[in-house]
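If you want the building blocks of each chain, they are given just below.
Protein chains: 2
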Amino acid sequence: MLQIVVAQLLLPAKNGAGSYDNVGPQTFIVQIRHADTHQPLDGIAVGDIGPKYGYASMDNGYMLFNHCRVPKSAMLSRYAEVSDETGAMNRHGHPAVVYGSLTFVRGQIIMHARLVLARAVTVAVRYCAIRRQFRDRDSTNDGDEEMKVMDYPTVQIRILPLLATTFALHYTGEMMHTLYHKSRETIEKGDFGPLAELHSASSGLKSLCTMLTADGIETCRRAMGGHGFGGGSGLVGINADYLSKPTVEGDNWMITQQVAAHLIKKMTAAVKNPSAAPQDPTDELFQYYLNNRDHRISQNVVCAGTISDQSIVDVFQWRAADLSYRAYQARVVEKKPWTRLMIQLHTLSRAYSEQILVTTFHNSLNETASSLSGPTPDVLRTCFRLYSLYTLDAFASSFTMTIAAAEDSVHALPDAILDLMMELRPHAVKLVDAWSIPDWLLESALGRSDGKVYEELFDMAHRRNPLNKTTFNPDYRSEEIVKGSGDKGDAILAKL
Amino acid sequence: MLQIVVAQLLLPAKNGAGSYDNVGPQTFIVQIRHADTHQPLDGIAVGDIGPKYGYASMDNGYMLFNHCRVPKSAMLSRYAEVSDETGAMNRHGHPAVVYGSLTFVRGQIIMHARLVLARAVTVAVRYCAIRRQFRDRDSTNDGDEEMKVMDYPTVQIRILPLLATTFALHYTGEMMHTLYHKSRETIEKGDFGPLAELHSASSGLKSLCTMLTADGIETCRRAMGGHGFGGGSGLVGINADYLSKPTVEGDNWMITQQVAAHLIKKMTAAVKNPSAAPQDPTDELFQYYLNNRDHRISQNVVCAGTISDQSIVDVFQWRAADLSYRAYQARVVEKKPWTRLMIQLHTLSRAYSEQILVTTFHNSLNETASSLSGPTPDVLRTCFRLYSLYTLDAFASSFTMTIAAAEDSVHALPDAILDLMMELRPHAVKLVDAWSIPDWLLESALGRSDGKVYEELFDMAHRRNPLNKTTFNPDYRSEEIVKGSGDKGDAILAKL
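Protein chains in written order, with the UniProt record's numbering: chain A, 1 to 496; chain B, 1 to 496.
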C-alpha cells in the first residue's frame, strides 16, 4: 500500500520563472494503492514485471506516475530537506555517507559468492569422485577399472582451480568485513579518508567475485557431462538465480570504472609526491612501484619446478601497479578520452582485485597456520598456489607485458598447475566437506554427501517423477487420454 | 511400444565353457510395452527421467532390463550379424562407415551453432542500439543526450566479436557441408582416406563452435544489464535449451582427444617422410612447418596500425602446426602418458579448429567478393579481422610461445581491436538484420526488429502478464483471497 519511491527532485529555479533545477534523486513515502480495494490510486500504474531468468522470490515490479501529487512531508529528510522558508535544498552530513552501506552490501556479496561457488564445487567434486568413465588409454591390463573422472586432468582443470577459488574468496571476504567495521569507526568520527579505498576495493571485488561464481557454476555443471544437464545436478536453479548477481548492485562492467578512477587518482598523487606518508596498502604499492620501475627485473614464479610464494604475490602486485600507471599515463598525461579507455580500465580493475585476492590469501596462510592442524596448512597453501598460478596462466601476456613475470616461468605454468592439481586431488572431497553444506540445501542427486548418486537418480526418475505415474495413450485418435483410467481423462482435464 | 535398443553383445567364448566374449555394442528392435495396456512388459522398467536444464521437447527416458529375452532376429544386421551355423560374428563393410553420419551430424551442429548465436547477437545489437545510459564522461555540453550503450567499448567488446563470430562459423559450416558431400562420394567408392581428416575437423569444430555459442548467448544477455535478466530478453529459453550442446554428440572436452590423436598421427607421418605427396591441407601445413621451423621469424599481424590479413592466417596456422609438433614430441618421442597430456591436447584441438575458422573465413572473402555489392565485402573483411584479432588477443601467450606472432604486434592488439569495432559499429544493426531472423522466432521484446523495446516491455508486463489481472489480498487473515472476487477465491482454489 505504501512504498518508498526514489525520484528526481525538481525545484523551481531561482533565476527564471517556470524552469526547474534538478537536485538529484530523493526518497519519498507514497501511498500507491487504496486501503480497502487494494487497487492502484488514480494516476498510478503498478504491477509485477512477469517472468525473469531466476530469482523468483523477488517480486520485481514496475510503476508509472501520471500527474500524481505527493506532499512535501512525504520526503525522507535525514540527509537532505527542502527549506520551508526559502524553498532551497539543505543537505546534512557528508554526501559520501551513502557509500557506507553500498560498500557493506558489496562486501557481503563476496561472502555470498564464495558460498554459492562452494555449493557448485561441492556437487562437482563429489560426483566426479564417484563417476567412472573409460579405462586409462595407456592401460595394458584388462582387469583395470574405468577411471574416476576426477582423475582426468581435463576434469581437474575445470573444478580444482574453482575449489581453490572458494578459499581465495573466503579470506578476502573476511578481510573486507574486518576492514569495513574498522573503517566504519573512523567514518563515524567524521573522517571519510578510508571510504574511497574501501569503496574502490569493494566495487572491484564485487565485479570479479560474482563473475567468477556465475561462470564457475556453469563450468562445474558442464564438467559433469550429461547428468550435469539433468535436474538431478541441483545446479540448474542455483545458476538461474545467481545470474542476477553480475548485474545487480552495480553492473560488473560499469562499476570497474569507479575502481580505475580511484587508482588513477592515487597514482597521480603518488607521482606528484612519491615520499608522502602512505595511507593504505595501495599507496605503499604505488610508491614501491615508482621507486623500482626503472630497474625492474621480471620475476620467476616457477623455477626448476619450485614455486615461490613471495614471487606470486609480487607479480600480481606489480602487474596491478603497472596497469595503474599505464591508465594514469593515458588519462592524466596523454588526456585520452575516458570512453576510449574503458576496456583498459576494466582490465585494470580486474588485475587490482586479483591482487587483493592473492595478497589476502597469502597473508591468511601465515595467520591461520598456528590454529590449523595436520596437513591443513599445506593443503591451503596448495589452494593458494593453484588459484594464483591458474589466474596467472589465464592472463599470461598481461604479466609479461608489464614485466611482472618472466616469459620462461610463464611457459612453465601448465606443468606446475598439473602437479598442483595432483597434490590437491586426494584432499578434494575433504575440502568440499569442510564447507559443510547440508544435503537439503544442495538439493542434488549428484552431490549427495553419502555418494549414493545412482540410487538417488533412479529414485528421482522412477519413483518420485509424477510423469511416470500416468500412462498416457499414444493413440491421439482415442478418447481415452490416460490408459486404464476409465474416466476419459476427466480428472486431468479438470486441472486445465 | 517398439524401441531400438543399443546393448553390449556377449557371445559364448570359443575357448572355455560358460564364459563370454564381448563383441561390442549392437542394435536390437525390442518390444517394451504391452500393445493394449501400454504398460511395460515383465522385466522392463522404463520412464521419463524428469526435469532437465532445458530441451524439454526431448523426452529423455531411462530403461532397465531384468532377464529380458530378445530373439536373434531382433538384431539389426546391416553391418554385423551372428552366423546361424557357427555362432561367430560376421562384419560387413568398413567399420569406419559409422563415422560418416557422426561427421554429418557434427557438421550440422556448426550451422546450428551459428544461427543460435546469431539470434542472441541480433537481440543484443538491436537493444543496445536503442538503449541509452549516461552522458559521455568527457561531455561538457549539458544538452548532450545520454549515449547509446552500443557506443561504449565495454559493450562493443562483448557483442561485436560475437557478431563477427557468427560469420566465421557460417563460412566454415558451409565449407564442412561441401567437404562432407565431396568426401562422401569418395567413401561410397570404398576409399576411406578423407574420413579421418573429416572426422577430426568436425570433432574439433563441434567442440569449439558449441562452446563459443553457449558462452556467447550468456555474454550477450549480460551485456544487456537488468533487462537482459528479464523474461523480455528472449535469451532465457534459448540458453537453457542450448546448454545441452556442449555435452551431446560427443562431450566438448572428450572429443578433442580424437582431434589431437589424428594430428599426432599426421605429424608423425610428416616427420617420417617430409616429402610425401600431401593428401589434404593439414599435410601441406605440416610439411611447410617442418621445412621452416629452424628459421621461423615471428610475424607482425599489426604493424604501425596496418593489419596484414595474410599474416593473420599464417600465425593461426603456424601456432596449430607448432602445437601439433609439441604434442607429437611429448607423446611419440618422449612417450609421456596420454592422460597427463590431456589438457595440452585439448588446447591443440582448439588451436587447430580456430585455424580452420580463420583460414576458411579468409578464403571466403575472395570467393564471395565478386557476388557482393556496396560496402559488404569491406564489412565482411572487418568481421574477419575482428574475429581473428580478438581470438589472437585472448590466447596471446600461445601465439608468442609458438613463435607464431611477434610480441610487439600482440601488444598492439587492444588498440587495433578498438578501431575495428568502431569501423564495424555503423554496420552492426544491418549485419544482424542480414540474418533475417523473424520476430516470432526471437520472441524478444529487446530484440524487436522495429526497435519498439519499451512499448513491448510495458505491454508484456502491464497488459499481458496474467499475474496483474488478479489483485491478491495482502491480509493473510482474511478469507477473501482475491480482492473484489466475491467468491473467496474459489475459482483459483479449483485449479490446485
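Fair warning: there could be bad hints in the mix.
Because identical chains cannot be distinguished in the list, a pair is counted as satisfied if it fits within a single copy or across any two copies.
[What the hints assert, rightly or not] Below are the DSS-like pairs computed for lysine-lysine, each with C-alpha atoms no more than 30 Å apart in a straight line:
(1) K483 / K336
(2) K72 / K14
(3) K189 / K335
(4) K182 / K272
(5) K14 / K272
Note that these hints are calculated values from the structure, not bench results. Predicted, not measured: the structure shown is a model, and the values here were computed from it.
Hints and how they fare:
Taking CA atoms no more than 30 Å apart as the test, K483 paired with K336 passes in neither setting, with 73 Å inside one copy and 59 Å between copies. In this assembly of identical chains, K72 and K14 lie within 30 Å of each other by CA distance solely inside one copy; the values are 19 Å within and 97 Å between copies. Within a single copy, K189 and K335 get their C-alpha atoms no closer than 37 Å, and across copies no closer than 68 Å, so neither meets the 30 Å cut-off. Proximity of K182 and K272 under a CA criterion of 30 Å is satisfied intra-copy only: 29 Å inside one chain copy versus 69 Å between copies.
In this homomeric assembly, K14 and K272 never come within 30 Å of each other (Cα to Cα): the closest approach is 41 Å inside a single copy and 89 Å across copies.
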